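Colleague: Next come the chains, spelled out residue by residue.
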Amino acid sequence: MGTAVSAPASMTLDGKVPVGPLAEKWTSYRSDARLVSPKNKRQFHVAIVGSGLAGASAAATLAEQGYRVSCFCFHDSPRRAHSVAAQGGINAAKNYQYDGDSVWRLFHDTIKGGDFRSREANVYRLAEVSSQIIDQCVAQGVPFAREYGGYLANRSFGGALVSRTFYCKGQTGQQLLLGAYGALNRQIAAGNVVMHTRHEMLDLVLTAGACRGIVTRNLLTGEIQSHAADAVVLATGGHSNVFYLSTNAAGCNVTATWRAYKLGAAFANPCFTQIHPTCIPPSGEHQAKLTLMSESLRNDGRMWVPKKVGESRPPTEIPEVDRDYLLERKYPAYGNLAPRDIASRAAKEVCEEGRGVGPKGLGVYLDFAESIAERGRAEIESRYGNLFRMYEEITGENPYRVPMRIFPAPHYTMGGLWVDYELMTTIPGLFAIGEANFSDHGANRLGASALMQGLADGYFVLPQTIGNYLSASRRLPAVNGELQDGARRVTDRVGKLLALRGNRTVESFHRELGRVMWQYCGMSRGREGLLEAIEKIQQLREEFWSSACVPGDHTHLNMALEKAGRVADFLELGELMCRDALTREESCGCHLREEYQTADGEAQRNDEQFAHVAAWNCHGEDHEPVRQQEELVFSEVKVAERSYK
Amino acid sequence: MKLTLHIWRQAGSHSTGRFETYDLADVRPDMSFLEMLDQLNEQLVASNTEPVAFEYDCREGICGTCSLVINGTPHGPRNATTTCQTYMRHFHDGDEIFIEPFRAAAFPIIRDLVVDRSSLDRVAQAGGFISVGTGNAPDANALPIAKQDAEDALSAAACIGCGACVAACPNASASLFTAAKISHFADLPQGGPERGERVRRMIAAMDEEMFGSCTNHGECEAVCPMEISTRLIGQMNREYLRSLVVQT
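Chains as they are written, first to last, in the working numbering: chain U, -4 to 640; chain E, 128 to 375.
As a list, the in silico DSS-like pairs of lysine-lysine whose alpha-carbon atoms are at most 30 Å apart:
#, chain 1, residue 1, chain 2, residue 2
1, E, Lys274, U, Lys164
2, U, Lys36, U, Lys11
3, U, Lys257, U, Lys11
4, U, Lys355, E, Lys129
5, U, Lys355, U, Lys531
6, U, Lys11, U, Lys633
Calculated directly from the structure, the hints in this document are not laboratory data.
Computed from a prediction, not measured in an experiment: that's the story for all the values here.
Full structure from sequences and hints, please.
Modeller: So this is what it looks like as C-alpha cells:
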C-alpha cells in the first residue's frame, strides 16, 4: 500500500433518516416500521457480540420480545465488560431539577458538543429516549443517588448549564451494567438467551451480501466454530487501545468491528478519539494503562505548570509568581473547566515546551491547596475522598499535601462502524450499537453521554429497528459452505499468528504503535506527521508479520495468541485513522489539525467542505481504502462556532 | 528491586500443578503487581517460554477480573484493594512472593492462575434481578426511596463479583457474594414482589454449585476489595427465614 491518499470521493451514503419534523421522526418511524409477528419471532436467531451496556441491554430486550438470542463475550462473565468502569454518570432530559432542561436542550448540547459532525435525527432520538432509560434502570433496582426526600439527585457534569446527570457515587457504569446483566441473566435463566462466555468473535459469515453469522474462537479450548444467525449485532466497544496507553481495559480491542470493515462494512470517522485530561500520568515504560480520574476534580483543582523550563524545585516551593495557571490564563471565562479537548491540548503543549512535571516531564499539576484552604480539608475529602485515595495508592503521593499530577489519555472513540438510522451497517443484517458505532457523538462526546447512548441503543432503539429488517429478509440460512469458509479463514489466521516465532514480543509492537499514534494522530495532528506515521505503521506491520513472537499453541488458554490477533488488527486500524485524519482538512471537536487554526491557536472548523461523515471502505489488502461521505444536513439546529474564550 | 517469585503453574484443570520459581530483577516500586507479572511474562515470551496465565482487565479495581492469592491472602496485602491496584512499593527488595490461584471446589482451575468463576454467574441467574421487561417502567420519581435505603443498596450492590470472599473462606462459601445481591434488592421497594423467591432460589443455587456454608469466620469481609460487611450475611439469613413464613 502506498502512502498517497486519494482525494475525498463523491460517493455518498444514505442514512435513511425518516421524513418529517425532527421531533416526530422517531414516533413516525416506529408507527411505520414493519413488525415481526410473535409466532415468527421465535424463528429468528440474533447473535449479539459483546455484553456491555449496549450488548447486554439489547440481548435482554430482544429475548423479552421473543427472539432467539445468542450473546458472546470474551470475558469469563458478561458483567466484566468495560462499561463497568464508567464513573461519572448518565445524562437524561428528565428536567427533575426544573432548571430548564428539555429533550431539545439535551439534543442541542450533544450536537453542539460534537462540533456539528453527527446526524441530527439520531442525536434527537437519543435525547428523546434518555428519560425512559432512567425509568427502566430505577425499575431494575439501580441505586441512583437520592435527595433526603427520596427523589432522584442530579448533578451538573462536564460544564453543562443544567443538572441532568444521574449517578451512583463513582460507580455509575458498574451499577447500570449490573442492571443490564440482571436483565440478561433473567433471560439466560429462562432459556431465551444462550450466553457464550470466553468466546472471541474473529470473523463474520456473509451470504449473498448479507450477514448470516459469526465465527468464534473458544478461548479455553481453541475450538473455532461458526454460528448461523438471521442478524448479527456488534456491541464490541471502542478502539482507544490502539494508543497502547489509554483508559480502556486491557482486553478492549477493535477486532470485531475491524473484521466487519474488512468484509465491507464502512468505518466512519476513525480519527475521532476523545482524549481525557484528568488521568494519572505514566510513570515508566512498564505501564500498561492510564487510570482515569473523574473530571469533576477540575471543579476545585487549579491546573498549573512552572513558568520556567527545567524547573527543579518541588511544587510546594515554587512561588505564585513562577507558576503558570495555563487554563485560567488562556481561557479566563471557563478557566479550569474548559472542555476536555482544550484542557488536554493545553497540557500536552506545555509538556512539549519542556515545562511538564513528574517523571519524563509528562504531567501538569492539579492543585487543591487553595480549595482546601478555602473550604477546609473535610469538604474536599467529602467530594473527592475516593479519588484522592486512589491517586495516593497509585502514585504514592498525598494530594492533600502536594498537587496531583495529571496527563491526558485516550478515553473514548467517537468513530466506529457507520450505521444508518436503524443502526444497521452497510452490510445488510449487520448492526452496530454503543461505542462500536459512530452514531451520536460527532467529533466529541459530552461527559455522561456514553452510558446514555449504550443503553439507548440496546434497550430502546435496536429492538425497535431490527424487526424492520428481519420481517423483510428472506429467512435464508447461511449456506454450510459459507460457514465453513469463515471458519477456515479464522483457522488460517490463527495458524499464521502461531507460526510467528521471531524475537520481538507482541507487547513491544503494541507499545511502539501506541507511541506513533499518540505522537502523530492524537489531539493535534499535521500533514507531515500523519504521512510519516502511515509509513511507520506500514513498516511496523511488516516487521510484526516477520519478527513477532507468539508462543504456545491454540488448543488451550493462550493469552499471548489473543493479544497477537488484536495487535495485528490495531496495526491496520492505526493506518486508517491516520488516513482519515489526513483527509479531514479542518480542526474540529477533539482535534486540532495544525494547518487549520486561527492566529491565536484556536481550532478552525470548515463547515463548507467537511460538514460530513467520512466513511471508509476496504477494497482488499492490495488496494487503498476508499473514502465515502455522508453529508450532514442540519434542518432545525443552527450551526454555530464554538468559543470558550 | 529483586524478587523471587513462586508461581503456581498448572497446564489444565485435570493436570497436576506445582510451584515454579522465577527470579525477577529491575522491579520498580511504582509498578503495579500485575505490571510486575507483565514484566516477567515479557521475559518468558522473549525466551520463547509460555507466559504465566493470569487474568485482569480494567486495572482500576472495578471489573472483578483479577484475582490471585498473594502470600496466602486473596488480592494480596492491602486492605480494600484488588490485586490490580496493589503496587510494588508495598514489597521489599529480596522478597519472596508466593502467587497462587483462588482455590475453591466451585472455582476449578483452568490454567496456572486462572480459575472458572462461572458458578457465581449461575447463582446470579437464579434470582439476582428484578423481573421488569424493557419499556414497562413507571416514571423514575414515581416511587420515592429514602436516601439511606438507596445508599445501603448501593453499598451492597458495589460487589465486583471477584470471588475473593470464596477464596478466603475456610468453607469456600459464597455467602458474602450472595448476601450482597440479596441485600441490594431487599433494601429497595422494587425488590419487594420477588423478595422471598429470590432468597430461596439463590441460596439453593449456591448449594448446588458446591459452595460451603457460612460459619462466621469473617475472612470474606477482611479480603473484600469493596469492604462489603458480613452484616449482610445476617440480613440474608433473616430474609431466608422470613421467606419461610411470609408469602412474598
